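Trainee: Sequence:
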Amino acid sequence: MAYTGPLIAFLGISIGGYWIYSAPFYVFVIIPLLELSLTKLGYDIIEEVRDNELVHWIFDLMLYLNFLIIMLTLYLSINAVIYDDLSTIEFVGLVITTGLVLSGNGINVAHELCHRENVLEKSFGKIMLIPSLFMHFYLEHNFGHHLNVATKEDPVTAKYNEPLYLYWITTPIKEIISAIEIQKNLLNRTKSSFFSIKNDLLFYIIIQSLYLLLITYFFGYYVLLFILLSALTSILFFESVNYIEHYGLLREKNSSGRYERVRLIHSWNSNHVIGRIVLYELTRHSDHHYKTTKKYQNLVSFEEAPQLPYGYPTSILLAMAPWLWFKIMNPRIPKNMIMQLNN
Numbered sequence: 001m002a003y004t005g006p007l008i009a010f011l012g013i014s015i016g017g018y019w020i021y022s023a024p025f026y027v028f029v030i031i032p033l034l035e036l037s038l039t040k041l042g043y044d045i046i047e048e049v050r051d052n053e054l055v056h057w058i059f060d061l062m063l064y065l066n067f068l069i070i071m072l073t074l075y076l077s078i079n080a081v082i083y084d085d086l087s088t089i090e091f092v093g094l095v096i097t098t099g100l101v102l103s104g105n106g107i108n109v110a111h112e113l114c115h116r117e118n119v120l121e122k123s124f125g126k127i128m129l130i131p132s133l134f135m136h137f138y139l140e141h142n143f144g145h146h147l148n149v150a151t152k153e154d155p156v157t158a159k160y161n162e163p164l165y166l167y168w169i170t171t172p173i174k175e176i177i178s179a180i181e182i183q184k185n186l187l188n189r190t191k192s193s194f195f196s197i198k199n200d201l202l203f204y205i206i207i208q209s210l211y212l213l214l215i216t217y218f219f220g221y222y223v224l225l226f227i228l229l230s231a232l233t234s235i236l237f238f239e240s241v242n243y244i245e246h247y248g249l250l251r252e253k254n255s256s257g258r259y260e261r262v263r264l265i266h267s268w269n270s271n272h273v274i275g276r277i278v279l280y281e282l283t284r285h286s287d288h289h290y291k292t293t294k295k296y297q298n299l300v301s302f303e304e305a306p307q308l309p310y311g312y313p314t315s316i317l318l319a320m321a322p323w324l325w326f327k328i329m330n331p332r333i334p335k336n337m338i339m340q341l342n343n
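Residue 321 in our numbering sits at position 321 of the sequence shown, and the numbers go up by one each step.
Treat the hints as calculated values from the structure; they're not laboratory data.
Just so you know, nobody snuck in bad clues.
The list that follows gives simulated cross-link-like pairs (lysine-lysine, DSBU-like), each with its CA atoms no further than 35 angstroms apart: (1) K152 x K174; (2) K327 x K253; (3) K152 x K295; (4) K294 x K122; (5) K191 x K294; (6) K327 x K152; (7) K152 x K184; (8) K294 x K126; (9) K294 x K174; (10) K174 x K198; (11) K152 x K253; (12) K122 x K191; (13) K335 x K174; (14) K253 x K126; (15) K294 x K253; (16) K126 x K174; (17) K295 x K198; (18) K327 x K294; (19) K159 x K198; (20) K335 x K294; (21) K295 x K159; (22) K198 x K184; (23) K174 x K184; (24) K295 x K122; (25) K174 x K253; (26) K122 x K152; (27) K122 x K253; (28) K253 x K335; (29) K198 x K126; (30) K159 x K294; (31) K126 x K152; (32) K294 x K184; (33) K122 x K198; (34) K159 x K126.
Quick caveat: nothing in here was measured; it's all calculated off a predicted structure.
Whole structure, please, built from the sequences with the hints as guidance.
Mentor: Dropping the structure here:
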């Protein structure tokens with residue numbers, strides 16, 4: 001079922017017309033409706049399978065296959081832009097559809113792989129970030145977000161009463177600034193220069209620039225525009241996920257001014273079964289932050305973790321209506337965390 005989204009995207013792009021919107025319709029209409037009725041179905045399926053170590057390679061293979069999904073999505077989308085004489089509404093639908101796949105099957109899977117200890121898996125994860133122009137995510141996420149999560153210093157932690165639309169503007173910029181600062185600190189530790197081979201961020205910029213140059217050289221400026229808009233859309237979809245995962249939750253400072261250690265209560269969790277499968281257990285986010293080295297199939301849902309009332313797609317739709325999101329979510333945020341805003 002993890003591949004249903006991209007398969008529907010492939011069909012929609014291939015058929016064309018309004019069918020291009022099939023994948024967004026599936027994600028934001030069909031899945032929410034299914035989750036309302038199937039929330040508890042299959043609750044322990046993955047828990048039972050993960051105990052069998054003989055099948056763990058299948059979980060890894062499922063991740064790797066997403067690289068082919070990303071490549072096929074780009075191939076079909078670029079072909080459609082070049083040959084299908086798309087109307088404006090079709091072009092917009094193609095951008096949204098491609099952005100969805102690049103986010104869910106690209107950035108999301110890269111997120112899992114970039115946490116792996118194996119260098120090859122980590123490198124593979126970085127490669128999957130290229131189409132979204134989001135390679136700096138590795139630096140900011142692994143060395144910034146996981147250190148500062150649930151604090152005012154974390155650009156990814158959404159503030160209490162912060163609208164999603166404002167978050168879309170400020171967070172990506174703050175993440176870039178954070179990645180630059182992290183890279184500078186890493187270089188300073190080893191007394192390396194900006195042009196050192198240890199400057200990963202410089203390599204990311206070069207690689208992504210080459211990617212855009214190749215797109216322009218082989219396919220032209222119109223396809224370049226499509227690639228840029230699709231990348232931006234994928235980032236905004238992923239930032240929407242970040243928003244609902246970390247909205248309003250803050251860690252307390254102790255008497256010495258240090259933050260308490262990250263606990264299960266510092267990220268929103270969602271145990272809605274379809275979202276769990278489609279997003280490779282990203283929805284069990286509390287456990288991911290509690291033990292960052294856990295593979296996705298080993299993540300657990302704890303009662304202690306705060307729960308989103310709905311699955312991820314529904315939560316994102318609610319967040320797009322800020323007044324409704326605040327009405328539903330603000331009462332769920334512990335008062336002591338709200339008080340941290342003034343500390």
